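Residue numbers (numbering that gives the first Met the number 0), protein chains in the order written: chain W, 0 to 368; chain S, 0 to 368.
Keep in mind that the hints were calculated from the coordinates and are not lab data. If you're wondering where the values come from, they're calculated on a predicted model, not measured in any experiment. Careful, some of the hints might be misleading.
One copy or two, either will do: identical chains are not told apart, so a pair holds if it fits within one copy or between any two.
Said to hold, decoys possible - Calculated pairs, SDA-like style, for lysine to any residue (alpha carbon to alpha carbon, straight line, at most 25 Å):
1. LYS41 / GLY194
2. LYS234 / ASP42
3. LYS41 / ASP216
4. LYS324 / ILE350
5. LYS248 / GLN361
6. LYS86 / THR134
7. LYS19 / PRO55
There are 2 protein chains.
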Amino acid sequence: MAAVSDPQRLSRLQKTLQRKKIDAILVSQPDNRRYLSGYTAKDHGIQESSGLLLIPKTGRPYLLTDSRFILQAREESPDFQVENYPKGPLKLLEKLLPALGVDTLAFESDYTLHSSAARLEAMAQKKGVTLSPQTDLIERMRIIKDPAELELLRASTRLNEQVFQLVYNTIEPGMSEREIALAIELTMHELGAEGPSFDTIVAFGSNAAKPHAVPTDRILDPGELVLIDMGLIYKGYCSDMTRTFVAGKPDSTFVKRLRLVRRAQLAGIQAIRAGVSGIEVDRAARQVLSEAGYGEAFQHSLGHGVGIAVHEEPRLSPKSRRQLKAGMVVTVEPGIYLPDWGGIRLENMVIVTEDGCELLNQDTTSLDL
Amino acid sequence: MAAVSDPQRLSRLQKTLQRKKIDAILVSQPDNRRYLSGYTAKDHGIQESSGLLLIPKTGRPYLLTDSRFILQAREESPDFQVENYPKGPLKLLEKLLPALGVDTLAFESDYTLHSSAARLEAMAQKKGVTLSPQTDLIERMRIIKDPAELELLRASTRLNEQVFQLVYNTIEPGMSEREIALAIELTMHELGAEGPSFDTIVAFGSNAAKPHAVPTDRILDPGELVLIDMGLIYKGYCSDMTRTFVAGKPDSTFVKRLRLVRRAQLAGIQAIRAGVSGIEVDRAARQVLSEAGYGEAFQHSLGHGVGIAVHEEPRLSPKSRRQLKAGMVVTVEPGIYLPDWGGIRLENMVIVTEDGCELLNQDTTSLDL
């Protein structure tokens with residue numbers, strides 16, 4: 000788990016704090032924490048934090064954690080002052096905030112529980128500190144990837160495709176969804192991934208009508224369709240890809256519908272370039288499905304950003320007004336879901352460029368057609 | 000993934016709502032959601048909910064979700080009215096709350112983001128609904144396990160021990176931490192577990208000085224200590240167990256320290272019975288380590304509840320005033336951590352009874368002594 004961070008990111012954030020008249024920010028969201036500090040610890044759910052960053056508008060930043068993580072924090076975040084909170088973070092903050100002269104303290108409204116915010120507020124009042132809830136401050140920085148991040152996303156996608164190909168070659172009737180999902184996750188580990196970036200989806204036949212199907216003990220019959228949605232984490236960066244194919248010879252209905260979804264995907268990809276909104280890209284793909292009478296069968300959004308998190312900004316959806324910019328990385332994943340029949344989804348990742356996009360996947364889908 | 004739920008749980012919650020003059024509650028915490036409804040979907044982080052329960056103080060409860068999960072929700076929660084929210088949960092609540100005559104709406108303060116609570120508040124004000132933030136309402140119900148739950152926790156622990164024994168028999172110098180952790184998680188799946196209940200910890204030698212070590216490529220040397228902390232999910236219920244041993248012949252320092260930790264564990268177990276507080280149990284074990292001069296080497300708490308979540312109430316810690324009651328299930332896991340040497344932790348699970356406790360683990364630890 001190589002830590003990827005960059006002192007430039009810290010100084011950009013500190014400049015933002017100065018501009019917003021904020022004296023310091025508490026960073027609790029684990030992906031944001033890793034992005035800024037290189038500290039890779041995960042939280043065991045939002046109620047069990049493995050640490051907080053306290054970043055003042057100037058000077059050395061702090062990483063606050065408990066005894067379980069002190070050694071890891073010091074190893075991974077040498078630029079941070081690592082402090083232990085044996086009695087919890089609030090007690091430590093009560094001492095640190097006055098020492099650092101903090102009058103206005105920001106926190107992450109999108110990753111702080113209602114109950115935690117109430118306790119933070121009580122402590123802040125006691126110390127004369129004003130709280131400033133913030134959203135999207137660090138997420139916004141993460142949307143545009145720097146060259147080192149793009150290289151890791153390319154490598155993550157390549158590795159994901161290798162894993163798919165190895166397992167794809169072994170798939171045959173008689174195997175179960177769970178068996179294939181396990182083979183995929185094991186192969187990810189064997190090839191050097193940190194792990195899957197989300198629970199691998201393997202769904203046969205009608206099970207594929209659930210966009211978020213969970214693998215079961217269902218056995219693959221000859222001629223049935225197989226939907227695999229998989230991603231891995233490589234040096235902290237996620238990949239995400241979906242393939243739908245048939246074990247054996249596909250029937251003409253499957254081929255017709257697969258081609259339709261592929262055409263929708265290509266329409267989405269062709270609409271991508273710096274300056275267009277997520278709405279426009281989503282519409283380009285959705286229109287292909289609607290015109291073929293499959294509009295109702297595609298209810299989720301077309302895509303999402305990928306980076307340290309497997310789902311992040313920007314979204315490609317009927318509501319996402321945000322304009323795409325060069326250096327963003329998104330999935331393009333139209334699908335159709337027919338409860339009595341099954342589902343087809345095709346998902347690739349692309350890097351947005353000034354005049355189009357760079358395809359991250361080799362994409363051998365057309366071979367199935 | 001057999002759904003375990005029980006209409007009794009719903010009616011108990013509805014009685015609590017009536018007593019507290021609450022018209023309905025929104026349940027967003029995934030374990031609470033599963034406990035009440037049997038709906039097993041996971042959230043992809045707190046920012047990507049796979050659904051909410053809306054439970055009125057009387058009458059049929061609702062499960063609100065989006066198109067991705069509708070089929071699963073209907074299958075798993077037949078007693079719930081499943082509703083789709085294509086435009087998000089707030090839009091649907093705006094219609095449902097007046098229709099159900101809800102004036103006071105509770106939500107889970109410990110599982111609602113500061114930003115979500117602000118949006119909920121704005122909607123509630125518009126509709127003349129008063130919000131009532133609640134903590135620990137459903138968690139409190141979950142602390143005492145019913146007989147069906149205890150049977151699943153026994154089965155989960157048995158399966159976890161089987162997995163440990165199978166992998167333990169293969170451990171030899173030359174293997175890496177990651178290799179052993181993977182073998183454990185693969186064996187869990189092969190033996191029918193839903194998956195690990197947390198990321199498996201395998202740590203050799205000095206790596207074991209981090210209580211939450213992440214498995215690395217470090218190779219096991221002959222005579223080195225091995226710490227394994229592992230748990231699995233079986234039909235929705237978690238197990239959790241730690242073993243520390245030596246690959247080969249242990250030296251006298253290891254044996255002395257292992258015996259000490261085992262004595263601390265037994266002291267904790269002997270202190271457990273209905274009526275004592277978590278503080279008292281923690282103290283009983285901690286005292287053994289302190290008297291031997293290892294007080295500073297044991298900085299985490301002694302144990303935690305286990306059920307649908309692998310970490311839940313009650314805690315056994317220097318701060319946990321809550322009294323134990325029959326039917327609670329806790330871990331007892333003292334440890335010592337010495338950065339230049341390594342760490343030892345021993346963890347078993349017990350069911351609290353009126354006059355003591357039932358050991359869930361076979362516990363072959365003494366064989367290593």
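Evaluation of the provided hints:
In this homomeric assembly, LYS41 and GLY194 come within 25 Å of each other (Cα to Cα) both inside a single copy, at 13 Å, and across copies, at 18 Å. Within a single copy, LYS234 and ASP42 get their C-alpha atoms as close as 18 Å, and across copies as close as 24 Å, so both meet the 25 Å cut-off. When the C-alpha separation of LYS41 and ASP216 is checked against a cutoff of 25 Å, the pair qualifies only between copies, where the shortest distance is 19 Å, while the shortest distance within a copy is 30 Å. In this homomeric assembly, LYS324 and ILE350 come within 25 Å of each other (Cα to Cα) only inside a single copy, at 10 Å, whereas the closest approach across copies is 56 Å.
For a Cα distance limit of 25 Å, the shortest separation of LYS248 from GLN361 inside one copy, 23 Å, qualifies, whereas the shortest one across copies, 52 Å, does not. For a Cα distance limit of 25 Å, the shortest separation of LYS86 from THR134 across copies, 21 Å, qualifies, whereas the shortest one inside one copy, 28 Å, does not. With identical chains, the CA atoms of LYS19 and PRO55 are at most 25 Å apart within one copy only, with a shortest distance of 13 Å there and 43 Å across copies.
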